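Visitor: Let's have the full structure, built from the sequences with the hints guiding it.
Given next are the chains, with one letter for each unit.
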Amino acid sequence: MNEYTRGNFKAGFKTLLSTKLRSFWTMLGIIIGVASVITVIGIGSGIKQQVSHQIQHLGRDVIVIRPGELHGSTGLDALSGLNVSGALSSKDVNVVKNVNGVSSVAPISISVAKITRDKIPYYNNLLIGTNGDLPGLLNQSIAYGSFFTYEDEGSKAAVLGDKVAKRIFDEELPLGRTFYYNGQEFIVRGILNEMNTTPLTEQADFNDAIFIQDQVAQELSKNTAPIYQILARPEDPKQYKAVAEKIQNSLYKSHGYQNNFKVITGGKDYDSNGTVLSLLTQMIAGVASISLLVGGVGIMNVMYVSVAERLHEIGIRKAIGATNKQIVSQFVTEASIISLVGGVLGVILAFFINILLRIFSDLKPVMSIELIVLAIFISVIIGIIFGSFPAIKAARKNPIDALRS
Amino acid sequence: MALIELQDVSKLYGFGDATTLALDEVNLTIEKGEFVAVMGPSGCGKSTLMNIIGLLDRPSHGKYRLQAKSVETLRPNQSAKLRRDTIGFIFQSYNLVPRLNVLDNVALPLMYKGVSVTNRIKQASAMLERVGIQEREYFMPNQLSGGQLQCAAIARALINNPKLIVADEPTGNLDSESSRLVMELLADIHKNGNTVIFVTHNPELTRYATRVVYMHDGSIIHDEKTVIGRVASTAKKVAEKSLTSDEEHLLAGVSTMMKTFPTKDSESKTKSRKKPLKGKKKS
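These protein sequence lines are chains A and B, in that order.
Here the first sequence is numbered in this note's numbering, starting from 51 and rising by one per residue.
Here the second sequence is numbered in this note's numbering, starting from 12 and rising by one per residue.
Everything labelled a hint here was simulated from the structure, so no lab data went into it.
Restricting the straight-line Cα-Cα distance to at most 25 Å, the calculated cross-link-like pairs of lysine-lysine (DSS-like) are:
1) 174(B) <-> 124(B)
2) 124(B) <-> 64(A)
3) 443(A) <-> 124(B)
4) 92(B) <-> 124(B)
5) 147(A) <-> 272(A)
6) 147(A) <-> 296(A)
7) 74(B) <-> 92(B)
8) 296(A) <-> 312(A)
9) 216(A) <-> 206(A)
10) 447(A) <-> 80(B)
11) 60(A) <-> 133(B)
12) 124(B) <-> 375(A)
13) 291(A) <-> 303(A)
14) 272(A) <-> 169(A)
15) 147(A) <-> 303(A)
16) 375(A) <-> 80(B)
17) 447(A) <-> 124(B)
18) 375(A) <-> 92(B)
19) 92(B) <-> 60(A)
20) 443(A) <-> 64(A)
21) 74(B) <-> 447(A)
22) 447(A) <-> 92(B)
23) 92(B) <-> 443(A)
24) 64(A) <-> 133(B)
25) 74(B) <-> 174(B)
26) 60(A) <-> 124(B)
This structure is a prediction, so every number in the text was calculated from the model and none was measured.
Guide: Structure, rendered in structure tokens:
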């Protein structure tokens with residue numbers, strides 16, 4: 051920054067301070083624009099982050115296999131019986147397990163069932179059939195006891211989600227206690243830590259689920275508990291894509307060359323939610339950026355007035371030897387200071403809105419440094435663009451014409 | 012080589028039927044080191060001439076050579092640099108930037124030249140000392156008297172050490188004491204070898220000049236050399252004439268001198284008016 055521009059900055063701030071109220075009204079457009087853009091984008095990326103948090107919880111390198119039909123199992127499909135509930139079966143689990151490069155596989159079957167404890171019935175319990183690989187795949191830790199392993203195959207052991215333990219059993223640590231399901235006695239072997247997100251699905255709350263052996267679940271429900279999905283993890287995370295392809299091919303073969311399943315990689319499924327979300331975010335951000343533009347027009351207006359008001363001063367400055375460029379840079383500096391301060395105030399406003407949203411709603415808007423810098427940068431650019439029109443007009447005046455006004 | 016050469020310079024204002032001729036083919040040559048007084052009734056084109064000489068305005072017709080260089084072909088940037096480095100312009104209404112203090116005002120041409128902050132403050136302060144108002148350097152323009160403002164304006168005009176000082180009625184708004192001070196300053200500048208051109212209505216002030224130019228209706232009607240310290244002979248006649256002649260001349264020519272009397276009167280009048288008003292409020 052040379053001596054001249056430094057002088058301009060000083061003078062610009064002086065002008066701002068001497069016309070506080072007017073400068074504030076000018077800034078208001080920019081402030082609202084910047085605050086709304088940051089808030090909207092922040093809410094959008096906040097929701098995205100929550101979703102991606104779930105994906106991360108699942109583990110980035112986990113391959114998800116889902117039945118193709120189950121996804122649309124509402125309305126007509128369900129009525130016409132086209133919903134092939136058994137699209138994925140225990141057989142598929144074995145197929146996936148035998149694929150080269152797969153280290154662990156866990157099925158997840160879901161059924162809703164009545165259980166009884168000490169002859170008291172409890173209805174609508176989420177029963178999840180799975181195997182010993184699940185905690186590893188979900189990165190889920192166990193609070194008390196242990197998860198069942200492959201050695202327990204066929205045994206009636208159960209692991210409880212955090213909520214179930216409190217809901218069904220009165221005590222904090224119901225390890226070793228029993229309950230009945232379909233006439234079979236199950237022993238509680240472990241209790242999971244609370245999951246902060248509910249992975250895999252929005253409807254099923256894993257904190258409120260009872261985990262039993264998949265094999266047992268299939269037997270007891272007479273094969274009506276559909277396998278909602280199969281999770282698999284490759285040995286080498288780098289081979290992720292290749293392994294997913296292998297799984298796809300093996301399943302395709304074993305399903306008789308039918309594509310009634312989906313192999314989901316890289317959390318793509320969750321990304322589809324994200325795409326809709328980011329489209330929405332983009333749209334709202336577009337609307338919000340219009341208010342930024344309006345703020346820019348406001349700056350232009352005020353700069354025109356300011357130029358007209360200070361034409362005499364411009365005349366003086368030109369008379370004592372200011373070049374057109376120097377006059378332009380003075381006014382452009384002023385306009386960009388207005389928009390810079392406006393941008394910063396907008397960020398501060400957005401920050402407060404963020405805090406209020408976090409307190410009074412479930413939204414968790416994210417304010418990233420990049421977004422803040424970008425918003426301020428854009429507002430300064432707007433100031434420069436819209437400030438330069440009046441400034442150029444002012445600078446081109448004949449010195450004596452400017453002086454006479 | 013003449014510093015200023017005007018050749019058939021005309022200036023027109025307005026368009027069509029409303030056109031007025033402010034300067035009518037003026038020819039004027041001013042050598043380096045001259046102290047020129049320009050006299051004439053209001054509206055005779057003195058200020059227009061000053062503006063053209065000071066590069067604030069451009070002639071409609073004719074040629075103007077400053078330092079033997081034709082001005083017509085100058086780009087806006089180049090003439091701005093000439094105004095900054097070669098010409099110091101002093102206005103009747105001072106024209107200080109109201110939002111800047113005296114020191115910043117004086118340092119302004121240096122800022123446009125790109126001098127560093129400390130240097131320009133130093134230079135400006137020294138220049139204010141030279142014009143005798145250094146103790147007011149941090150005052151805002153609206154806190155100074157007319158004479159002090161004009162001194163600051165002169166300091167600003169001198170800061171880049173210009174060859175040419177153009178002053179358009181520098182004493183027009185000043186009382187006789189301040190006028191004397193300002194003229195002494197200009198005389199001082201002249202002694203240092205600078206060329207000074209100034210406009211005045213006051214024949215007394217021709218004492219300072221080495222040359223007096225008389226204008227009427229956009230033309231130069233008389234041009235005489237004079238000796239420093241003596242009122243120019245023609246100016247004397249004008250002054251004597253104006254005292255006895257018609258009202259128009261009186262208002263135009265001696266308005267400066269008359270200012271001292273009515274202000275004293277009006278002051279005493281307002282004071283006497285205020286007192287009974289206050290009395291009424293109290294009762």
